[in-house]
Amino acid sequence: MRANWRQTLLSYTFLAPALILLVVFTFYPLAYGSYLGFTEYGGARFAQGQPPRWVGLENFRTLWADDLFRTSLLNSVKYLLVVPALQLASLAVASLVNNSLPGMAFFRAAYYVPVVTSISLAAVMWEWVYNKDGTLNWVLGFLHLLPAGGAFGWLNNENTAFWAVMLVTFWRGFGYYMVLYLAGLQNIPSELEEAAVLDGASAWQRFWRITVPLMRPTILLCSLLSTIAALRVLEEVLVLTNGGPLNSTYTALMYVYFKAFQGFNFDYGLASAAGLVVAVVALALSVVNFRLFRDSSGEGG
Amino acid sequence: MSAVSRTAVPRALPRRRTRTRAARHLGRYVLLVLILLFAVFPFLWTLAIALTDKRAGGSIYDFPASLFPRALTLNNFQQVYQTFGLGQYVWNSISITAMTIVGTLVVSALAAYPLARFRFPGRNLIFAVIVATLVLPGETTFIVNTLTLQKLHLLGTHLGVVIPTIAGAFGIFLMRQAFLAIPQSLLEAARLDGANELTILTRIMLPLTRPSLAALGIFTLVGSWNAYFWPMLVLSAAPDKVPLSVAVLKLKGQFNYDPFNIAAGSLIMMLPVLLVFLLAQRLFMRGMEGAVK
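Sequence order for the protein chains is A and B. To get my numbering, take the position in the first sequence, counting from 1, and add 5. 176 is the number that my numbering gives to position 193 of the second sequence; each next residue is one higher, with no gaps.
Here chain B stands alone, though its shape is the one from the complex (with noise of 0.2 Å):
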């Protein structure tokens, strides 16, 4: 029927109706293109900033010439490289994230195998747990975590600020899904041959579930590299340890307020996210969907 309509529509049409259906399609991009620049004009105009060449004179604030920079460099971004220290703040976003990554896939993973593999008393209460925490409002969580972070002598370190946030409900989630739809046959064979149960979860699940794996990293490399209160929290003792998020806002209260040097420190902060994004923003797409269907 639908097969009917779509092919002797158009044919049965007079030619009014398809203009009128060209000016709907225009009348669609003109509002998707609005809503374009609603998402993306900061970035647009960030990046113009962090290109203009700010000897050649002029503000921010001149519109719409600083919208579209006369003379182009590549200056503020080593400027602000070299007179920030961003190299620093680079490194320290680069140790927390990584350290974040590593520890977010280990637990989830160990955590995930028995839950969707193994029967043991307790399994239906650790779920429910689990789930629990997706549910319960913590809003004086970051107050006891940080006097327990003190005690521990982790307070101002930046295993302080990945320790708490590795073991999570969504992690232990996906991989738990991702190990279910591993054949049992395959388990059962690696078990006559006398493998132990690490070397199954080594060798033969978590190959087969990289797919999920490199899901749960990319998630967690965004939330993590952006992450701004907690690790704010954690390192106001420690302002060298601190990642690119919180330095970022750091130099914008500085004495030497710099406009085009601020924006190239943006811009190398949004770098690793936005690629990571491009590459794989399928992947990120159909992992928010899941949640819905």
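One chain only, chain A, in its complex shape (with noise of 0.2 Å):
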């Protein structure tokens, strides 16, 4: 009994710098922050050290009259159009280098290195991509595949900027995603493959047969966890576009950033309750990932 006690007490007090500082930066601003959303906050009020004013729905209000905040939201659900791209080329990818052809090592370790690039060094190669006189331009200029009216900054014209951006998305992305696929192939017992092999059917029918459905659960985690980056994608657009031009790249965290912290007219009230509806859409987009793979699997079987 006493021994129990001692032992309790002493779990807390090991367990005590972890909860303190998950209570402090992780649930106690998330509870905060939704108050916060139905709340005047900032600018002079926060200023003079005023306590927030409760007023109800009237930031939501303000955010359904704001075209900003709608081009940002569009943009943002746009932007999950990278997530059937990067889970379709990383899975590709990760059949193309699961062998053990000669060099194959060599390959994984090198597509992988832009994973474990910063954001900030992919915003000074990739400029200099998309430059007007870049890399991109030059290639295309090669191939005589240059777009009507010659060689122009990708990251400057409101039409290429927002695929300009969405592309670095999946250049650091599709190593990571590769790897998981390939370890979900690795899980394949390869008696199945050559069963297939041997009843005569073609290396497409063993994908989509054999790898698709028992690669299911590593199907649904991957894009799950693209789905959610896709509509969180902040660092990205700051640091190729800052939004801009003419708002084309402008995403629905960047508002929430945008809102709290720039210039002298800081919103916390506004960027919270933004912040808010980003959450509501991410979790609604995990149901439906959740529903959409079980209900397919649930035909499959």
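Think of the hints as simulated: they come from the structure by calculation, not from any bench. All figures in this text were calculated on a predicted structure; none of them were measured in a lab. We treat Cβ as the ideally placed atom computed from N, Cα and C, and that holds for glycine. Incorrect hints may have been included.
No more than 30 Å apart at the CA atoms, straight line, and that leaves these computed lysine-lysine pairs for DSSO-like [stated by the list, open to error]:
id: 1; chain 1: B; residue 1: 37; chain 2: B; residue 2: 233
id: 2; chain 1: B; residue 1: 134; chain 2: B; residue 2: 233
id: 3; chain 1: A; residue 1: 83; chain 2: A; residue 2: 137
id: 4; chain 1: B; residue 1: 235; chain 2: B; residue 2: 37
id: 5; chain 1: A; residue 1: 137; chain 2: B; residue 2: 233
id: 6; chain 1: A; residue 1: 137; chain 2: B; residue 2: 235
id: 7; chain 1: B; residue 1: 37; chain 2: A; residue 2: 137
On the chain B side, residues computed to face chain A include the following (Cβ under 7 Å) [to be verified]:
id: 8; residue: 13
id: 9; residue: 15
id: 10; residue: 25
id: 11; residue: 103
id: 12; residue: 107
id: 13; residue: 122
id: 14; residue: 124
id: 15; residue: 128
id: 16; residue: 147
id: 17; residue: 150
Some chain B residues close to chain A (C-beta under 7 Å, calculated; not the full set) [said to hold, decoys possible]:
id: 18; residue: 30
id: 19; residue: 36
id: 20; residue: 56
id: 21; residue: 94
id: 22; residue: 123
id: 23; residue: 126
id: 24; residue: 260
Each chain sits in its own coordinate frame; assemble them with the hints.
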């Protein structure tokens, strides 16, 4: 009995640093941030040291009426287009490197390098690629594929900036998901593949009939992770375009950041409300993702 | 059965088949190299620019000449280090990263030990709470956290960057798994010898889980060294305290825009992470794979 008491005390002593930090920097900000979404806080009110004032749903009405917020939310949803591209490509690349041909370890490692690259470095390097005089235009010119109107800066054009930023997200992500898919592929018993080969199944049939169904849990995990990451995209747009040109790359989390910290009109209440909207959309998308994959697996079985 | 098919197939095949197989391998390698170019081209070009002697004339946009510099030099590295005062930012990065690694290892190991080895009321609840941090959407946490840091007078300090990031579910999970794998008899023996729990943790558990500690340390190093948004936010009022990841982008915006120096600065920033990755790439990949299995 006494020993038990001591063990409990000891456990909580050991857990104290982690618990205090989690409460102060994760759970309290979640709760207080949600509360701030329903208040007026920031600007002059904050400067004078006054507490937040409860305003109910007013912030959400302001958001709904704000063209910039609607644009940013639409851009964030449009950014989800990177998810299927990223997942298909990394699954395909994983299948490509899932064998023991000589040099394969080198390719796997090299494909992972963009994952450990910081966004600052990616921004410096890709800006040179996308520059008016940069590599992308040079390659396109070399292949006689240069778009009408000649060379232009891909990040300065409101029709291309969005896709140019998305390609950087794709570049930084495909090695990450490739490794996850590779682990899944190596769990598939090789007897299944061999039996299918003996039965005369083509590589394409094997991929769709054996690989994809058996990989369903991994595909669910990866698409869930990348859906949430795509919805929360912030750093890429911040460092590559700062939301421009003409707000074509302005995303929802960028709205949260700018409302809270840009200039002197910081508005913590409105920013928190916008953050809540993004959080709810993220949760909803996770649920949809789960539903989608559970249903289709029921169909297959 | 598989052994039979493997040995029998090549012998039964005529030469034409072997040739199509070679062609298939060739096609596969062509594809692999194309993807390789996509993955590492920006690095190769940055490396070429950083090593180019700019006094030889020519712009970085002279293709394909700028990819194969005619005159090589290390001057750009020296110049960016001196003229931009890069040394200060390197130290800032080292300070932030070192504190984050030490903090993460200590906090994770301390929290993981009771979760792995003790029974006490509230254990399941605490574990659930830690799991919850993985799925809770925290879109507003950075706003409130900066307000908290301001109240604690930690805004604009390295400690302010570090403290909110060191208690994470990933580290606690990883160490808990490692501690669970250690045989109970070792702990019993130590307790019979009169060792207290802190001694057991530091003298038995930690030395035996060194690979996991190293893995957690390396993951933390890469994440912390590369972090951009959070340090930029916390240190926005303290420009001399920012790490390299934030400083590199400032260089880019400065008046004396010099791509050769920026390329050199970027490589100085990449070097530690690249070295760690090359030395520990197996560990990286396995750590990631562990997430699926």
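Status of the hints after comparison with the structure:
For the hint linking residue 37 (chain B) to residue 233 (chain B), the alpha-carbon distance of about 21 Å falls within 30 Å, and the restraint holds. As the CA atoms of residue 134 (chain B) and residue 233 (chain B) are separated by approximately 28 Å, the hinted pair is consistent with the 30 Å bound. About 26 Å separates the Cα atoms of residue 83 (chain A) and residue 137 (chain A), which keeps this hinted pair within 30 Å; it holds. This hinted pair checks out: residue 235 (chain B) and residue 37 (chain B) have alpha carbons roughly 17 Å apart, not beyond 30 Å.
Taking the CA atoms of residue 137 (chain A) and residue 233 (chain B), the gap is about 21 Å. The hint holds against a cut of 30 Å. At most 30 Å may separate the alpha-carbon atoms for a hinted pair to count; residue 137 (chain A) and residue 235 (chain B) meet this at roughly 17 Å. A C-alpha spacing of about 21 Å is found between residue 37 (chain B) and residue 137 (chain A), which places the hinted pair at or below 30 Å, so the restraint holds. At a threshold of 7 Å, the smallest CB-CB gap from residue 13 (chain B) to chain A is about 11 Å, leaving the interface hint violated.
Interface restraint check: residue 15 (chain B) against chain A, minimum CB-CB distance 5 Å, threshold 7 Å, status holds. For the restraint placing residue 25 (chain B) at the interface with chain A, the shortest Cβ-Cβ distance is roughly 4 Å, inside the 7 Å limit, so the hint holds. Residue-level restraint check for residue 103 (chain B) holds (minimum Cβ-Cβ distance to chain A is 4 Å; threshold 7 Å). Interface restraint check for residue 107 (chain B): the shortest CB-CB distance to chain A comes to about 13 Å, outside 7 Å, so the restraint is violated.
Below 7 Å, beta-carbon pairs count as interface contacts, and residue 122 (chain B) has one with chain A at about 4 Å; its hint therefore holds. Evaluation of the residue 124 (chain B) hint against chain A yields a held restraint, the C-beta minimum of about 4 Å falling below 7 Å. At its closest, the beta carbon of residue 128 (chain B) sits 5 Å from a beta carbon of chain A; the interface hint therefore holds under the 7 Å criterion. Satisfaction of the interface hint for residue 147 (chain B) is found here, the shortest Cβ-Cβ separation to chain A being roughly 4 Å, below the 7 Å cut-off.
Interface hint at residue 150 (chain B): satisfied, since its Cβ lies 4 Å from the closest Cβ of chain A, which is below the 7 Å cut-off. Evaluation of the residue 30 (chain B) hint against chain A yields a violated restraint, the C-beta minimum of about 10 Å exceeding 7 Å. About 18 Å separates the beta-carbon of residue 36 (chain B) from the nearest beta-carbon of chain A, more than 7 Å, and the hint is not met. Checking residue 56 (chain B) against chain A by beta carbon gives a least distance of about 19 Å; that is not within 7 Å, so the hint is violated.
A least Cβ separation of about 4 Å between residue 94 (chain B) and chain A falls short of the 7 Å threshold, and the interface hint therefore holds. Checking residue 123 (chain B) against chain A by beta carbon gives a least distance of about 3 Å; that is within 7 Å, so the hint holds. This hint holds: residue 126 (chain B) has a C-beta 5 Å from the nearest C-beta of chain A, less than the 7 Å allowed. Annotation: residue 260 (chain B) was flagged as interfacial toward chain A, and the flag holds, the nearest CB pair being 5 Å apart, inside 7 Å.
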